[in-house]
Every structure is written in C-alpha cells, then in structure tokens.
Amino acid sequence: MVEAMGLEEQARLLQEAGNAVKRNAFFMKKAMDEDNLREALRYSATLLGELRTPTLTPQRYYELYMQAFNELTHLQAFFREERRKGRSYADLYELVQHAGNVLPRLYLLCTVGSCYIRSKEAPAKSVLKDLVEMCKGVQHPIRGLFLRSYLCQVSRGLLPDVGSEFEGDGGSISDAIEFLLINFAEMNKLWCRMQHHASGRDRDRREQERQQLADLVGRNLTYVSQLDGLDFALYQEGVLARVMDQIVSCKDAIAQQYLMQCVIQGFPDDFHLGTLDSLLGILPDLQSGVQVHVVVSSLLDRLARFAASDKAVVDTFNQVDAFGKLTRAAAKVTESENEVPSGDVVAMHAALLSFTGAVYPDRLDLVNKVLTSAYQALEKQAPIKDAKAEKLLVQLLSTPLDNYDVVTVLELANYPSVMSLLRPAKRKEMAVKICQTILRQRTLVSSMEKVEMLLDFISPLVRDTEGLEDDDEFFEEEQNLLARLVHQLVSQDTDEHFELLRAARDRFNAGGPKRLRHTLAPLAFAALRLVRTIKEGTADSKKADGACKTVLQWIHGVAAQLAEVPAAEIALQLYLQAAHAASEVACLELIAYEFFEQAFILYEEAIPDSKAEVTALQSIVGVLHRCRVFTAESRDTLVHKATGYSAKLLKKPDQCRAVCACSHLFWQELPAEEEGDDVAEGVQPPVRDADNVMVCLKRALKIANSAQQQLAVVLKGDHTTPVMLFVEILNHYLFYFEQGNPSITTSVLQSLLELVANEMANENCQKDEALLAFYNSTRNHIAIQKDKGDELAQKFSSLQL
Amino acid sequence: MAARKRTLLKVIILGDSGVGKTSLMNQYVNKKFSSQYKATIGADFLTKEVQVEDRSVTMQIWDTAGQERFQSLGVAFYRGADCCVLVYDVNAQKTFENLETWRDEFLIQANPNDPDNFPFVVLGNKVDFEGGKNRQVVEKRAKQWCAQKGGIPYFETSAKEDINVDAAFQCIAKNALKNETEEEMYIPDTVDMNAQSAPKRRTGCC
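So the sequences go chain by chain: Y and A. Heads up, the first sequence is in the numbering used here, so the first residue is 1 and it goes up one at a time. Heads up, the second sequence is in the numbering used here, so the first residue is 802 and it goes up one at a time.
For reference, chain A alone in the conformation it holds in the complex (with noise of 0.2 angstroms):
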C-alpha cells in the first residue's frame, strides 16, 4: 500500500476581491464566464481531472472570497496546498501590490516544508478589459516582480476572453506536481502507546 500514487493536486487561488478568482476558475473548469460581479463567500473547490507528462491527475482548485468579511473561518484549507495561484486586475494597481501580502500570509498560514521553493504563479486577469487602455500595471513590472520572488511564473490571462486560461492551469499543475511531497505517511506503530489502549479493534497489519 505504501506506493498509493498521489493523483490528488491542491490549487489554492489567492487575490483581492473582484481580480476575477471566481470567473479564472469557472472558465477554466466549466468554459462557461460571467461578467457579473458575485462576491464569494468563504471557500470552496471545483476539480478537474489534467494530463500532466503522462500523468492523469485530479486538480482540486480553492476559489477562495477576496473580501475579509467572508473569510470567517480562517484558511485551514491552506494547509496542504500544492501550489497558489496568485491573481491580480492589471487594470488595478493595489490589486498588485497587494499581492505581496496574499504570499506572504499564505506562506505563514500554509506553513510549507522548504517556502523558498513553493509553487506560485502569478495571473495577471482582465487584459481584454477596454482593449488594456485602462491598464495600470505594465507587463513589466509584473515580471520584475515575479522574478525577484526567485522566478515565479507569471501569466497575462482573460477570463472573460479565454486567454491563456489553459496555458496557466496547465503551468499551474505541472509546477503542482513538481512539488509532490511525500505525503506524510501515518504509520501506527510510532504511536503504539496510544494504539494499545485505543478501544479500537485492530486488523492484522505491521
């Protein structure tokens, strides 16, 4: 049993709200985009069966509420992430700086093994909007930071258009994969004690 193969890619989408999580996620998962501004409300997943080089893997994707208010219950759900998705509105300079907040509280509450080398990419949603003349956030700079975080992948992407969705998830779960962890293997014996006197009944096994 100890070779039970990891299908399972956890996809955490981080960004403030109204960058379009929700309509990157739709899109991708469901082809389906709507313009309409919905708040989320806490979180929830959507998966995805990917190929990823020969593998079919099982994408779970945390879309995840951009405004505070509706993330009472904290961000358990971090834990275990294979990799983040960070996304900002080119057209809106905060969204961008703030992205460096949305790193840096996941690092601390996902509490990765070696955080120097967690998967993140970076989105940055909404180019078709009027034609990116309202753009505030030049390709650039994007780059220039994510390059300065030690080389994130960066995407421009449009929900609404359908640019480059595939391209980014695509990115986002290879690098998921490349980050596998051994998934920490529970084994009873290292706690025996407790197993002896559990008022379970045991089956064969170790």
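Next comes chain Y alone, as it looks inside the complex (with noise of 0.2 angstroms):
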C-alpha cells in the first residue's frame, strides 16, 4: 500500500527508481550491443524490477512506467534482430519466463509476446489469450492494472480484427473481443479491490487514487469500440451485454459512475439509440452513491449532438422511443434516490429540455412533458433555494424563451407551475423577462386562453405573492413593463379584444391600488383606441354606438376606480380623454357630457393643490375646446363651469391666462374645408361667439391690472410678471383679429399694442431678456403680416407699431 507521504518524497522516489532504471536500461543496451542476449534480459528484468515499488502514487507511478516504457521498445527491437539471427520466438517466449520475479517476467513475457503475434509463428489468439491469462499472475493492484496496460499497449494493432493481418488463423473478430473484454473485467476487479484495502483516514487518498487509475481500466473500451469489425449487433451482444454485467457485479459506486461514463463516451450514438433500453435499464441497480442523474444527463447531451449534427437521425429516435424511454428514466431517478439534490434534478431537466429542443425542434407537447417531469421531481423541495439549482431553473425556464416566441411558450401550461418552485424574488425576474421578450419581439397576445395564461406567467408582477417585498427600486419600472404589455393584447375582432382588455382588468384588480395606479389608464387608453376602431369598422352605425356607448361605459368604470385608487389627477385626465374620444369619434352627447361631470367633480373634490388644479383646468378647457358634440344649453353648463373655475384660481397670474383660454371657449375653429357637408350626424356647428371672446379678454386685462397694481404695492414695482401677461393678452388679440373676429377692431388692437408699448419701456422690463424676446417676436409678426400682402395684410396695414 502506498503511505501518505509528502510530494517531495514522492519525486525524490522517482529520481531514485528512475535512476535506476536508466542504470538498468545502459547495461541492458550494452549487452543488447554485445549481443548478449542472456545479459540484456536479466538487465531488463532488473530494470522492470523498479515497477514493483511499493511506493508511488499512480500518477508517479505512470511517469516511472513511461520511463521503462520507452527502454522495452528497444528491447522489442532487439528481439527483432536475435529473431533475424535465427533465433525462433517460441523459444524467447519461454526464454523470458527464466526471471524470477513475476512482475518483470510478465512485462518480458508481454514484450516478446507481441513480437511473436506480430511475425505470425503463432497465432494471434493463443499468445492474446496465454498473455492475458498469465497476467492473472499479479494481484497488487496498481502493478496489475499497469501490467495489462502494457499488454494491451503492445498488442495493439495486432488484434485479429476484421480485416487486420492477424485474422483467419490468428482468430476472429471474437477472439479480439473476448481478449480485451477479459483484461477490462480483470482490470476492474483489481481497480475495485482497491476499495477494500483502504480504511477510515486512508479513504479519500485511496478513492483519489483510483480516479487516477480510471483509465487505465477504461482505455480497454476505446480499444474495444475501435475494432473495425465491431459492428452493432457484435456490440449488443458481445461487449455490451458483458460490459453491463461486469458493472453491475462489481458493485463499486467509484467503477459503476466512471465505467457508464465510458460506456456513453466511447461508443457510437447509433449504438445507444439501439440499445436504450439496457443502458437505462442498468440505472436501478446500481449503487446508491452513483450519481444516476450524471450518467442521464451525459447520454442526453450526446444525443442532442447527435440529433442535432443529422436531421436524418430523428426517425431512428422516433422509431426507439427514445423520448419516452429517456423521460420515463429521469423521473425514475428522481423517484428512486429521494435525497437526489435539487441542482442535480434540475441540470438533468435541462439536459432533457435541450434533447428535446434538439431533437423535436416542433413538439411543444414534448417540452411540456418534460416541464412537468421537472415540476414533480422538484415540487417537494419548493422552494428552490440552492444557489446552482435556481440559477440552472432560471435557465431551463428560459430556453424555450429563447427557442420558441413567447405565444408559443404560452402553450406550455406547466411553465408557470415550474416557475412556482422558484423564489419569489427569482420568480418576478422571470416574469420580467418574458414581458421584455414579448416587448422586445412585439408580440401580440390575441386569444382569450393565451391572455390567461401570460398573466398566470407573470402573476409575481400582477399581484402580491407571499414573501416578496414589492417596494423595492424597481418596483415601478417593472409596472411599467405590465402597462406597456397591455398595449401588446390585441385582437382583430373588436369584440375579443374588448374581452382581453376586461380579462386583464380583472386580473389587474388583485394587484391593488399600487399597481393600479399604474395598471389601469393603459388599460383604458387601450379602450379608447378600440372605440376609434369600432366606429371606423363597424358600418352598421347603430351596432357602433352601442358597442362604442359599452366600451366607453367600461372605460368610464375604470377612471372611476382610478380616482378611487387614489389618482384623481390621472382618472381626471382619464375622464377628459374619453369624453373627447365620446365626442369627437362616438358622438354621444349624453355620454361626453357625463365624462365632463366627471372630471369637474373630481375637480372640485379631489385636485390636492393649486399647481394641480391650474394643469387641470387647462386640460378641461384644452379638451372642451375641441368638442363639438354638444348642443348649446349643455355647452354653456359646461363653458360657465370651467369660466367659474378660472376666476377662482388663487394666483392672479394663472386666474388671467385661464380667462385667456376659457375665451377660446367661445371661438371653436370652423371645419376644415374638406369635411364640407360630411359632418358626421351629430356634430354641432362651431361656436362663434365675438361678444363672449371679448369679455373675457376684457376681464384677462383687468385681472393683469390688478396683478400689476397688487405687486406695485408688494414689491415695488420692479417685477415684470404682469407685463408679460398683457404682452400675452396682446397675442391672443392678434389671433382673433386674424381670425376675423369682428369684436377685435384695429382701433382695439392698436391701443393695447400702445399700452404694452409704454410698459415695456418700463426700465425693469428692457432688462427681462425672456420677456423682450417675446415682446419683439410678437412685433415681428405683426410686421411680417403687414408686409404679406394679402387680404390680412391690408387689415394690419393701418396698425402701427
């Protein structure tokens, strides 16, 4: 047995052993020189003699035998030449068994072994089979499984294989196998007997060692798989059959795992795909300390390459089951050892996955089979918390993301039960992923059952889930990716869409309010695009309205809820878009007039601050401004309403610019030209009103003068905010004069132009660049207009600047 012993003292015994080796391996070449056939083999036996140390550990052990490798060649050489000089090899074959230590002699009896197959004296399988029974002769473990490396490294070439020299009288292609297959079941037996040398401490250098000396013990199967002759049915019957069996009877965890590796490694694709059945046959009786799910998963992976190298191959699957039979044993594995780790259970899905992506690139039904296998090996261990198994579970779940777009993917129903055993945290990465897929590919989801399922894919985003903490940084961002989604549910028929769009809301529902916030105008900005839809598809006009008048009813749900949220001032800005949207393309009076209710009772009640209220009061004019759907008497309700609220802003300044606008109130733009007599049943005339324009310009400039007088007392006088807001004043009269409106006549025009004229020269003023800019661009227009020539430019003509 090789003690423990430090790395130094291991190479100080090489340098000793190989000295002496190379002593040995001087007076052995001296002799050969001298043709001094007696003295060159006690040399060499003495030289081979160095192989029996006890000492070394296998890889030292390896060098050493390289080494007396290297001086037996010339010993071959020599026994080529003695054989030239008339001496026969039969003779040198008994010759050599004269040493009298057993090691020494097999390694001679190797030597002149293969040189006597190789002059064909005698046939090829008696010496094969003399040699590799007489090697029996050493048992130490390490020296034995060297010694029949050599005998196999001699012989080979020399092997009656099919179409070798050395068949018909040197044997057959059996008489090959049956030689190598009994110095590998020998070679197993003294590697696994290792094992039972060692004790306690020793353990883990002992099986340390035999990892080394793996291949030594598994080189015989390359040897094997590189018979030319070997053809399958030789291989099923011959090699594997006795392969498998010395595996199962050794009964050595270290062997089993190594030697199935092997056996996957060193032969042919096409042999495992006819012989599944007894490879995983084999998987239940092995030890319980192999890692079945390693040897699974290396299979797969050569499959996969296999299927994938040849197209031509996937029928041969077809033909074996080889699906079937590979699936049936993962979950075998995962069944019979319960303590198999999560990470080793999910590297053998992934395995699977990829087989299966490789080999049905089409069969969806397949990566769902394999999805559920993998949700019922792991259900028990929910949640996947080991490092290497959420990571190798995030990566499963993301190949078919990768392989297949995502409204393929949505057809996989276990992929969201696989999800489940992650983590939450992992689990909304997921589902982050799959929206940024879908966005990045603009999918659309368009049937009911596909929405359904994305939404079970990304619930972690959807919806509270149980031990997360959804107030993190990216909580937004991520809500922002649903709200984007939304826009990616879309169905040709109005009608599913409609569906789509209420299934999500129902879903969304659950999220509360903090995701509504963020959840809900989509989904209503959604609608309202489907009602422009509606009533632009649909001919039948009475179909539209009522299908416009029930989407803008749901819509009208949802700002109602927003505003409960609370997020008066998105509901608000809601209630505006869909009563413009009720207007301007359903034309439903009764139904803008409601979402204008709407929007002022929120107004009233629930805008937080002036800043806020000033914005929406903008919008309520900006929007009632372009709606032509109402009849006077409810156009007035609305014009005084929105009048009102602007006298009763807080700051003078935002008082005045609101009656500014709200004069626009009175002067909606006449219908382009092209519209003519097609306006749209429904459709008011534009309002027109001079008179009510010019009151509330009137009243702008009385609040700017107030504003001027209040500051005057406040701050002296040195700020320029009121005149800005005459210079704006100013603008607005130039845009109805040019409109034509007969209350704004030049004489009008001309005394405001001289009153911000004597403002401005306000010394304040000439220093407020922002405001000069604006005072001048105006007075350029006024020029240009004067010098266009046209009919406008004669009514500008008379005014002077």
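A couple of the hints might just be wrong.
Pairwise CB distance ranges (calculated) [said to hold, decoys possible]:
id	chain 1	residue 1	chain 2	residue 2	range
1	Y	Glu477	A	Gln837	44 to 54 angstroms
2	A	Lys934	Y	Lys543	33 to 43 angstroms
3	Y	Asp315	A	Ala968	34 to 44 angstroms
4	Y	Gly157	A	Glu906	25 to 35 angstroms
5	A	Lys934	Y	Ala90	57 to 67 angstroms
6	Y	Gln381	A	Gly932	47 to 57 angstroms
Keeping only pairs whose Cα atoms sit at most 27 angstroms apart, straight-line, the calculated DSS-like set for lysine-lysine is [unchecked claim]:
id	chain 1	residue 1	chain 2	residue 2
7	A	Lys839	Y	Lys311
8	A	Lys849	Y	Lys22
9	Y	Lys189	A	Lys839
10	Y	Lys22	A	Lys979
11	A	Lys961	Y	Lys311
12	Y	Lys311	A	Lys849
13	A	Lys979	Y	Lys29
14	Y	Lys29	A	Lys849
15	Y	Lys391	Y	Lys433
16	A	Lys895	Y	Lys391
17	A	Lys832	Y	Lys120
18	Y	Lys325	A	Lys839
19	A	Lys849	A	Lys895
20	A	Lys833	Y	Lys120
21	A	Lys849	Y	Lys120
22	A	Lys934	Y	Lys311
23	A	Lys832	Y	Lys388
In case anyone wonders, no lab produced these hints; they're calculated from the structure. Treat the numbers as computed from the prediction; the structure is a model and nothing was measured. Think of the CB as a built atom: it goes at the ideal place given N, C-alpha and C, for glycine as much as any other residue.
Hints given; two lone chains; assemble the complex.
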C-alpha cells in the first residue's frame, strides 16, 4: 500500500527509481550491443523490477512506467534482431519466463509476445489468450493495472480484427473482443479491490488514487470501440451485455459511475439508440452512491448533439421512442433516490429539455412533458433555494423563451408551475424576462386563452406574492413593463379585443391600488383606441354606437376606480380623454357630458393643490374647446363652469391665463374644408361668439392690471410678470384679429399695442430678456403680416408699431 | 554504443474533444475513417515507419483524450515529445480559441529544453464539412495565430476525405526530426557512489 507522504518524498522516490531504470537500461543496451541476450534479459528484468515499488502514487508510478516503457521499445527491436539471427520467438517466449520475479517476467513475456504475434509464428489468439491469463499472476492492484495496460498497448494493432492481417489463422474479431473484455474485467476487479484495502482515514486518498487509475480500466473500452469489425450486432450481443454485467456485479460506486460514462462517451450514438433499454435498464441496479443523474444527463447531451448534427436520425429516435424512454428514466432517477440534490435534478431536466429541443424542435407537447416531469421531481423541494439549482432552473425556463416566440411558450401549460418552484424574487425576475421578451419581439397576444396564460406566467408582477416585498426600487419599472404589455393584448376582432382588456382588468384588480395606479390607465387608453377602431370599422352605425357605448361605459368604470385608488389627477385626465372620444369619435353627447361632469367633480373634490388645479383646468378647457358634440344648452353649462373655475384660481397670473384660455371656448375652429357637408351626425356647428370672447379678454386685462397693482404695493413694482401677461393677452388679441373676430377692431388692437409699448418702456422690462424676446417676436409677427400683401395685410396695414 | 542513432520520433496530438484527433491518426496510419464519434479514453499511440530525408524513422503518434474526464492519469507521456500537433475544428470557433491553452499546457507539462523553438504543427480539421458552409475560423485567422507563435506550420485537413493528412504528417515528422535533441545519455560513472552500493552485478565497462 502506498503510504501517505509528501510530494517531495514522492519526487525523490521517483528520481531514485528512475535512475535505477536508466542505469539498468544502460547495461541492457550495452548487452544488446554486445549481442548478449542473457545479460540483456537480466538487466531488463532488473529494470522492470523497479516497477514493483510499493511507494509511488498512481501518477508518479505512471511516469516511471513510461520510462520503463520507452526502454522496452529497445528490447522489442532487439528481439526482432535476435529472430533475424535465427532464434525463434517460441524460444524467446520460453526463455523470458526464467526471470525470477513475476512482474518483470510478465512484462518481458508481453514484450516477446507482441513480437511473436507480429511474426505470425503463432496464432494471435493463442498468444493473446495465454498472456491475458498469465497476467493474473499479478494481483497487486496498481502493478496489475499497469501490467495489463502494457499488454494492451503492445498488442495494439495485433488483434485479429476484421480486415487485420492477423485475422484468419490468428483468430477472429470475437477473439479480439474476448481478449479485451477479459482484460477489462480483470482490470476492473483489480481496480475495485483497491477500495477494500483502505479503511478510515486512508479512504479519501485511496479514492483519489482510484480516480487517477480509472483511465487504465476505461481504455479497454476504447480499444473495443476502435475495432473495425465491431458492428451493432456484435456490440449489442457480445460487448454491451458483458460490460454491463461487469459494471453491475462489481458493486462499486466509483467504477460504476466512471464506466457508465465510458460506455456512453466511448461508443457511437447509433449503438446507444439501439440499446437504450439496456443502458437505462441498468440504472436502478447501480449502487446508491452513483450519481445516476450525471449518467443520464451525459447520455442526453450526447444524443442531443447527435440529433443536431444530422436531422435524418430523428426517425431512429422515434422508432425507439428515445424521448419516452429517457423521460421515464429521468423520472425514475428522481423517484428512486430521495436525496438527489435539487441542482442535479434541474441539470438533468435541463439536459432533457435541450435534448427535446434538438431532436424535436416542433414538439411543444414534449417540452411541456419535460416541464411536468421537472415540476413533479422538484415539487417537494420547493422553493428552490440552492444557488446552483436556482440558476439552472432560471436557465431551464429561459430555454423555451429563446427557442420559441412567447405566444408559443404560452401553450406550455406547466410553465407557470415550474416557475412556482422558484423563490418569489426569482419568479419575478422570470416574469420580467417574459414581459421584456414579448415587448422586444413585439409579439401580439390575441386570444383569451393566451392572455390568461400570460397573466399566469407573469403573476408575480400582477399581484402580491407571499414572501416578496414589492416596495423596492424596481417596482415602478416593473409596473411600467406591465403597462406596456397591455398594448400587446390585441385582437383583430373588436369584441374579443374588449374581452381581453376586461380579462386583464379582472387580473389587475388583484394587484391592489399601488399597481392599479400604473395598470388601469393603459387599459383605458387601449380601450379608447378600441372605440376608434369600432367606430371606423363598423358599417352599421347603430351597432357601432352600441358597441362604443359599452366600451365607454367600461372606461368610465376604470376611471372611477382610478379615482378611488386614489389617483385623481390621472382619473381626471382619463375622463377628459374619454369625453373627447365620446364627442369626437363616437358622437355620443350624453356620455361625453357625463365624462365632463365626472371630471368637474374630481376637479372640485379631489385635486390636491393649486398647481394641480391649474394643470387640470388647462386640460379641461383644452378638451372642451375641441368637443363639438354639445348642443348649446349643455355647452353653456360646461363653459360656464370652466370660466367660473378660472376666476377662482388662487394666483392672479393663473387666473389671467385661464380666462384667456376660456375665451377660446367661445370661438371654435371652423371645420376643415374637405369635411364640408360631410359632417357626422350629431356634430354641432362651431361656436363663434365674438362678444363673449371680448368679455373674457377684457376680464383678462383687468386681472393683469390688478395683478400689477398688487405687485406694485408689495414688491415696489420691479416685477415684470404683469407685463408678460399683457404681452400674452396681446397675442390672443392678434389671434382673434387674424381670425376675423368682429370684436377685435383695428382701434381696439392699436390701443392695446400702445399700452403694452408703454409698459415695455419700463427699465425692468428692458432687462428681462425672455420678456423682451417675446415682445419683439410679437412685433415681428405684426411686421411680417403687414408685408404679406394679402387680404390680412391690408387689415394690418393701419396698425402702428 | 554512443552512436546509437535515434530512430523513434514521439509526436503528441492535442486538441478539444471531437475535433478529430483519433480520426487524423487513423487516416494517416491505417488509411481508415469512421464518422462516428467515439471519445478516446486515456492516451495511447500508434506507430508508423516513415522516410524523412533519406532516413527511416519510427513515428510514435500519441492520440489523447480531448475530454478532460478521460485524462485521469495526467500527462506524463508528454515528456520526451519531439513534436506536438495541435488540432482544431474549423467549424467550431471555441476549439480554435482553446489551442492557446493546449499549447501552454503542453509546454508546462512537457517542459522541453527550448520551449521557444519547440516544434508545433497546427491542423485545422474537418474542412470538408458541409462544403465549408459552416466554417467559423477562416484560414487567414489561423495562419495569423500560427505566425504570432513563431511561425508554426499550418495545414487545413480533412481526415474524412484524406485531404492534406499525409502532407501534414510528413511535415510533423520533418520538424520532429529537426528538434531531435541528444538523448539524455546515462553514464553510470557519474553516479559511481550509487553504482558501488547497488546490489547489481556490473559487467566490465567504463
């Protein structure tokens, strides 16, 4: 047994043994030169005696072995020389057996043996059989393994393989296989026996040494697989059965683990496809220490690559039901071993999934089966906390997203259940990834079934998840993703489209106010777009009206819900947009009025501060200005309300500007010419109320004046805001003047111009660059209008700057 | 005996799993090819007699496992190599990128006397594959790398179609022979003390 010792000690021992090999080799070669066979053999035996060292670790022993091996090539050459001089190999074969010690004797025997076979003095099969039996004389594991490895090396190319020159009299392929398999079995026995030589603290070291020696045993299988005559039938009947038998009967976990890998990697793919039953059938018989999932994953990876390299082999996969067999094997692995770490289970399923993707790119049902299997295998361990398993699971879930478009992935009914195995935070990450993929690919989700699935998939974004804090920095970003996603829920059929939005809303409701703040508005806007689609796409106007009404009523509900979130400002904007759509798209006056009413109620009751009031009022006036569905009476009420609000704003400049804006409520644009007579039913003629425009503008001037006085008292008049207001009012005057509003005559405009010029003369105003620029461009505008030479220019001509 | 001429050239073939190391060797030595992938376990060699510049030498060509899991015993066999053949698959970028690692690893483990001038040969294999449609490494790029490494000879080969295989190995043999360093001569006198104490019978020499 190799005792524990330091690296230096090992190096020293190797050096010593190496020197002894060199020394004896020197004398061996000298004897050869002197043609002294007896001495040459004696020195070579002494040289080989160094391989009896009990102290070197396998890797060091290998170095020594290589050194001896190199020297033995000289001996081979010498033997060939001897034969040329008339000595028969049979003779030499006898002669070398006089070496005193068994290990050198057997090395020499193998060396002569290889020459013997090459010479064809004796049939290859007999010599091989003799050698492989004689080697049983060495039962020390390391020595025995290297001796047998030498036997294989020197007999390489000398086996009676099909097509080999040693076939026929020398034997047949079955003799070659027999030789290699006996050697394999003997080596495996030696290798496994090492395990029992160790106890307690030596065990780890012993196992490490065994791992190092593994290739010597496995190498036999490479020799077998490289036989030219090895066809499938021979493999199935003559090789696999015996190798499997050896693997099972050795009852050694290390050997089983390694040799299964050797079989899977060392033999060709089509052999595996033909013997899946045997390969997989052996798995339950392996020792409990064997990591069966690694074996299965390895086979899966290999077959996946095979399928990817040649599409034609998929038929073979089908014929042997490769998918079914492998899936069942995978399931069995997780059932039989209760303690399979989650990472390994996931890794195996990831291998199964990539196998499925490679072999059956179009078979989504199979992908789903793999997911089912993964879920069942991991269910008990959920949530997956192990870092490696978690990472692999995310990768596993990402694979379908990368391979198919998301709508296709939505058919994977078991996808969400596999997602549920993840911890909440990871689940949410997955959901984000799904959303991003949809948005990046611009995928449209068009059926109810798919939308429901999608919302299942991304539920961590849609609603609270147990164990997950949502108030992190990404919350808003995530909700924005969800908001953007709403616009991907689109169906060609408007009824169905509406149903999709309703379904989404039902799900979003579960998300609570903090999510609804982000998700309701996009739903309503998607619905507004739908109103337009319905109106434009439905020939039957009655039917269109009905459908629009339904959608608008629904939007009404959404806005009301938003107001309660509370998100009054967004809700108010939504009411206004809906009012505009009801008026301009659907031409439904009552509904438009209702929306305004709700907007006004919110304005009065729920707008939090004066700044928000200003913004809200601007929006109200802007939308109302553009609505043409109202009859005079309802319009008067709404306009009256809006102007009333203007007067009640807190700050004078805000009041002034709001009143100016209100003036436009009395002066609607004329319909564009092409519209002509083709005005939709229910659209009222534009309001052109010059008197009320004038009333508003005058009031604006008054407010600007009083603002100026107020500021003069408080701030000693160095404030330019009131003058800014005057210039703004002047611009409104100019607008109406150009529009041909009869209240704005040249003289009215002229006097305002002079008033503003006066104010501008003030020193403070001359220092205010913004004001100056605004004023100058206003004057420029007038100058340009004068120069235009058209009808309007004439009107402007009498104005004096 | 000092004139014992070295006639054995040791050549090591390295490269990633599946690039065709075994196939190249089999094509060269046995004129055989199989398209089935069979991982090589451990390392072993084939020999071939070749004529190089009027000399008859034996080339010992070591085929190695590309898969790390089948290199359990380490790489003691690198030692004493006369030439190292680096193989990659022209249809797989990664196998080309890994040449650097294979080369470095070889130089560390084999520890040749003059690492800067140790003969390497690079083979870009599988040039026949799908008529070169899926090629990922262009010849120019490979040659550039070879030039950077001190002018390593480069061949584009196909073990399957037997393209350039003989030419490549001829070059390998030639370079291996050029590298031929004096075999470390063992002279017993230098370890006289040892020799005295060794329980071995000495024949009268030196």
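We went through each hint and held it up to the structure:
Distance hint for Y:Glu477 and A:Gln837: a CB-CB separation of about 52 angstroms, consistent with the stated range 44 to 54 angstroms. Evaluation of the 33 to 43 angstroms hint for A:Lys934 and Y:Lys543 yields a failure: the beta carbon distance comes to about 58 angstroms. Between Y:Asp315 and A:Ala968 the beta carbons are some 39 angstroms apart, a value that agrees with the proposed interval 34 to 44 angstroms. A C-beta distance of roughly 29 angstroms is found between Y:Gly157 and A:Glu906, which places it inside the suggested range of 25 to 35 angstroms.
Distance hint check for A:Lys934 and Y:Ala90: the Cβ-Cβ separation is about 58 angstroms, which falls inside the suggested range of 57 to 67 angstroms. For Y:Gln381 and A:Gly932, the hinted distance range of 47 to 57 angstroms is satisfied, since their beta carbons lie about 49 angstroms from each other. Proximity of A:Lys839 to Y:Lys311 is assessed by CA-CA distance (about 19 angstroms); at most 27 angstroms being required, the pair is judged to hold. Taken as a hint, the A:Lys849 and Y:Lys22 pair is honoured in the structure, with Cα atoms around 26 angstroms apart against an allowance of 27 angstroms.
Our distance criterion of 27 angstroms between C-alpha atoms is met by Y:Lys189 and A:Lys839, whose separation comes to about 25 angstroms. Pair hint Y:Lys22 plus A:Lys979 holds up; C-alpha atoms about 25 angstroms apart against a cutoff of 27 angstroms. A hinted pair counts as satisfied when its Cα atoms are at most 27 angstroms apart, and A:Lys961 with Y:Lys311 qualifies at roughly 20 angstroms. Restraint check: the Cα-Cα separation between Y:Lys311 and A:Lys849 comes to about 38 angstroms, which exceeds 27 angstroms; the hinted pair is violated.
For the hint pairing A:Lys979 with Y:Lys29, the CA-to-CA distance comes to about 25 angstroms; that is within 27 angstroms, so the pair holds. Distance restraint check for Y:Lys29 and A:Lys849: the Cα-Cα separation of roughly 23 angstroms lies within the 27 angstroms cut-off, and the hinted pair is therefore satisfied. Straight-line distance between C-alpha atoms of Y:Lys391 and Y:Lys433 comes to about 14 angstroms, which keeps the hinted pair within the 27 angstroms bound. Of the pairs offered as hints, the one joining A:Lys895 and Y:Lys391 holds, with about 24 angstroms between alpha carbons and a cut-off of 27 angstroms not exceeded.
Note on A:Lys832 and Y:Lys120: the hinted pairing holds, with a Cα-Cα distance of about 23 angstroms set against a maximum of 27 angstroms. Among the hinted pairs, Y:Lys325 with A:Lys839 is consistent with the structure: their alpha-carbon atoms are about 23 angstroms apart, no more than 27 angstroms. For a cut-off of 27 angstroms, the pair hint linking A:Lys849 to A:Lys895 is broken: about 31 angstroms separates their Cα positions. With a CA separation close to 23 angstroms, the supplied pair A:Lys833 and Y:Lys120 stays within the 27 angstroms bound.
Distance hint between A:Lys849 and Y:Lys120 is fulfilled; the C-alpha atoms sit about 19 angstroms from each other, no more than 27 angstroms. A distance of roughly 17 angstroms separates the Cα atoms of A:Lys934 and Y:Lys311; the hinted pair therefore holds under the 27 angstroms criterion. Simply put, A:Lys832 and Y:Lys388 have alpha-carbon atoms about 47 angstroms apart, too far for the 27 angstroms limit, and the pair is violated.
Consistency with the previously given hints fails for numbers 2, 12, 19, 23, ordered from lowest to highest.
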